[in-house]
Amino acid sequence: MRNRVACFWVALAGIGFPAAIALAGPLGLPPVPVPAGNPMTSEKITLGSTLFNDKRFSATGEVSCATCHDPAKAFTDSPLKTSEGINKLTGTRNAPTVVNAAFNATQFWDGRSADLEDQSQHPFVNPVEMGLKDHEPILKIVRGDPTYAEMFRKAFGIEPAAITMDHVKKAIATFERTIVSGDSPFDKWYFGGDKAAMSEAAVRGFKVFLGDGRCVSCHVIEQDQALFTDNRFHNIGVGINRIQDRVPEIAPKFLEAKAQGMDVDVKVLTDPASSELGRFAVTEGLDELGAFKTPTLRNVAVTAPFMHDGSLATLRDVVLHYNNGGVTNKGDRVNDFLSGGIRPLNLEDQQISDLVAFMEALTSPQHARPAQAASTRAMGAGTSAVQAAPACSTPSSASGTIAAQQLAAAGDTP
Amino acid sequence: MKRTIIRSALAAVVALPLAIGATTSRADEFTKQDAERWQAQFMQVVQKGRELWTDPKLGKNGVVCAQCHPNAANSHPETYPKFQKQIGKVVTLPEMINWCIRNPLEGVPLEVDSPEMTALVAYATYERRGVKLEPGKH
Amino acid sequence: MSNNYSRRSFLRTAGSVAAVSALPVTMIELAFAKPAENFTFAYISDAHIQHIRGTKFVNNWDRGLIRAVAETNLMMPRPDFVMFGGDLAQLGTRAELDHGAEMLARLNGKLYCVMGEHDYYDDLGEYWSKLFGPQHYSFDHKGVHFVVLNSILTFDDWTHNRWPTPQQRMLEMAGLDNPNGSPFMVGDKQREWLRKDLEKVEKDTPVVVFSHSPLQKIYKGWNFWTDDAEQVQALLAPFDKVNVIYGHVHQIQYNQIGNISFNSVMATAWPWPYPQSYAQAEQFMPKLTIPMNRADPFFERDATGWQMVDVNTGRVGLAYNLYNNKSRTVAFDPKVGHPVDKELQSVALEPNRTHY
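Residue numbers (our numbering), protein chains in the order written: chain A, 1 to 414; chain B, 1 to 138; chain C, 1 to 356.
In isolation and in its complexed conformation, chain A is listed as follows (with noise of 0.2 Å):
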């Protein structure tokens, strides 16, 4: 069951099985969530993925989604702290991974996007991302582009002078939804039986991770799959520890301007200060004050550096900080807001490297570092014509999507 290729429905879909699939996770993962408005099929796949790819969707002609979202990179741009967008423009945020992102109950660091269709259109038109002024340039090109025609047409069986930003977005959230990943050497030994799977230090490491370390609560494992997130906003003293003084200067100044009409998006990316508010910045809840969502940490270990300024360089420094009970430096001060789940947790030494190598288990095959051959390119990677490019039959390609490894594994290959 577990091992349903995503590919397989896809292929099914090609002929003629119900458009709308759901697909079954791989293991330790539940299936993907996929809304009812947004069925998945293999045409919109394709066509997200080659959207996805496209750099002509910028200022600049140079960035595209997979710049900071790279396929080779488990869909990060690590070693980025934080990202750089048109003339390596920098913002506030480091770029989370797409791999499992289709599992998030909401997109971005501060959750200000409620699911994957919306978040795709915000950073075509973020000063520091794609740059664009709105998101015309874009229909321009899908709309004129008779390659784009053609794979419109075919997932959603409109013609050019038709196509919106509605359907842009709807591909490209259904790619995402392919990219998941599960089998880690940490799925295969809790969920898949295989005592051989994780090392003595994983698995010491994991009890430190249900014990001491206290990490379950916000990182979820459940019974039979593990998101590693509980979707929720906590305050872990990232970030706003630096401006705790200025908070009560700071906050009021942002919420007035944003009663006044500014764009959340674009302040939050390019104001430090404002950035460190987190899903205060959305919600308005005293309670959010510096809270950023969970990620989850399945390959955590290929995507450094963490955290969502890309403040903390390593697994080592994530898990000293914890211990230091949400301060990085030994002997800061402890912010006000500070989540109440965080706390000095006093672990000794190894089972600091232990929790470290446990997390270095999380790392799905596909996503292992040394990754695919860096002479395999990244999918659509500095093209200036459109390549439709359909994510299952790409064997080679360096993409995290299960969909290709299980296609190439099964020798369908075109």
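Since the hints were derived computationally from the structure, they do not count as laboratory data. Ideal Cβ placement from N, Cα and C applies to all residues, glycine included. Mixed in with the good hints there might be a few duds.
Claimed, not checked - Quick list of simulated restraints, FRET-style, between CB atoms: (1) A/K253 x B/R129: 40 to 50 Å; (2) B/E51 x C/R53: 14 to 24 Å; (3) A/E136 x B/V90: 27 to 37 Å; (4) B/E36 x A/A196: 46 to 56 Å.
Use these hints to put chains B and C onto chain A, whose structure you have.
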């Protein structure tokens, strides 16, 4: 109130006369005195559990179970085993008690079959007597 | 008169940019006849600062108070004053009272304090009074008469003759479910003081009474109880609008008895189960109260918080600011004549969410 109940249970045992011929050699039979004696022994363990429930030495920071769970309220012994999100899997009551000893009480967990743990479980369950079982209820 | 409890309406009706800059995420705004008479104050309670040894205090309770103070300081427009509702310390020691007072000192604005039993029973409030002043008193503010009672006294015999040491006495009173405890009361002397104090107050002047114990009889086993509640209520009966705000219970409760509205405040330290969740208890929990959700002990701030109290033409509304949960607003609804949680009142609650 509870102390008087425990005391009177003990008193009842002490006051019973030993009846001759009340012993039996059949495995499946036991006397009223046996039952009452065992009940009294149980109540002693319950009493010990109550002491631990209010003992600042159970953890390392002086916090006691009774601070958040007066009369063991809100500990829901009748719902175990159940999925416990703080532990990430289905667990029994002693495992959750150990979680509390580790976390709010900042202490060292007990052996699950130790007399102390048995006493804590006995107390919490006793305070919850009469409530129907609902294992798994969150 | 209608009550609009939403921040949105606050922004809409406020009018000026200055008002928009308010950070009133828990402020409630009421549309009312005479805007000038409205005011708010903050209420922080039950911090239970607990000393371990040396300079170590229980981190969990410390953080609760720290957060309440920090959030109160963010409120804009500023609340008129801040009340601390009692039980600053856990065992009434100097170390605890000092540590707590230090944290409260970071509050911007005037502070009034209410006595709690955990502050009192070690030295009968001597050190507390040095820090915070009289144990019962009254004051007037913007046309409302405020009374602060020390309602955690008990029988003289228990207080003075029963225990070998003050520390023992404090320990016995500290256990909520301790059968050796003794019921709270205001007592004859203080009731007499109250009677005289109220003589000078007009019957149509709104009265707000701050008390640590509930001034009701809810559950004796946990001292959610004031032994002379009826007598105190009788003294308050002649007034048109009376509001009692009490601490001690570490949970949201509200009730109406005659002309008196009762509202509890939350603790910053930890939540308590509702009395109905103790299977062996007979208790008289106000039927009006929709209980809080059961807390998650992993998140130490779950089901704790503080509150903004809005006084509107003599009635109070409490905006409970729960750090880890959905905030709640309980306010007097003149249409039905008692406090109501408008949002939850009409929602069918899933049984699992509450204490059982």
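To see whether the hints hold, each was checked on the structure:
no. : hint                        : in the structure
1   : A/K253 x B/R129: 40 to 50 Å : violated (58 Å)
2   : B/E51 x C/R53: 14 to 24 Å   : holds (22 Å)
3   : A/E136 x B/V90: 27 to 37 Å  : violated (54 Å)
4   : B/E36 x A/A196: 46 to 56 Å  : holds (55 Å)
Checked against the numbered hints given earlier, the structure breaks hints 1 and 3 and satisfies all the rest.
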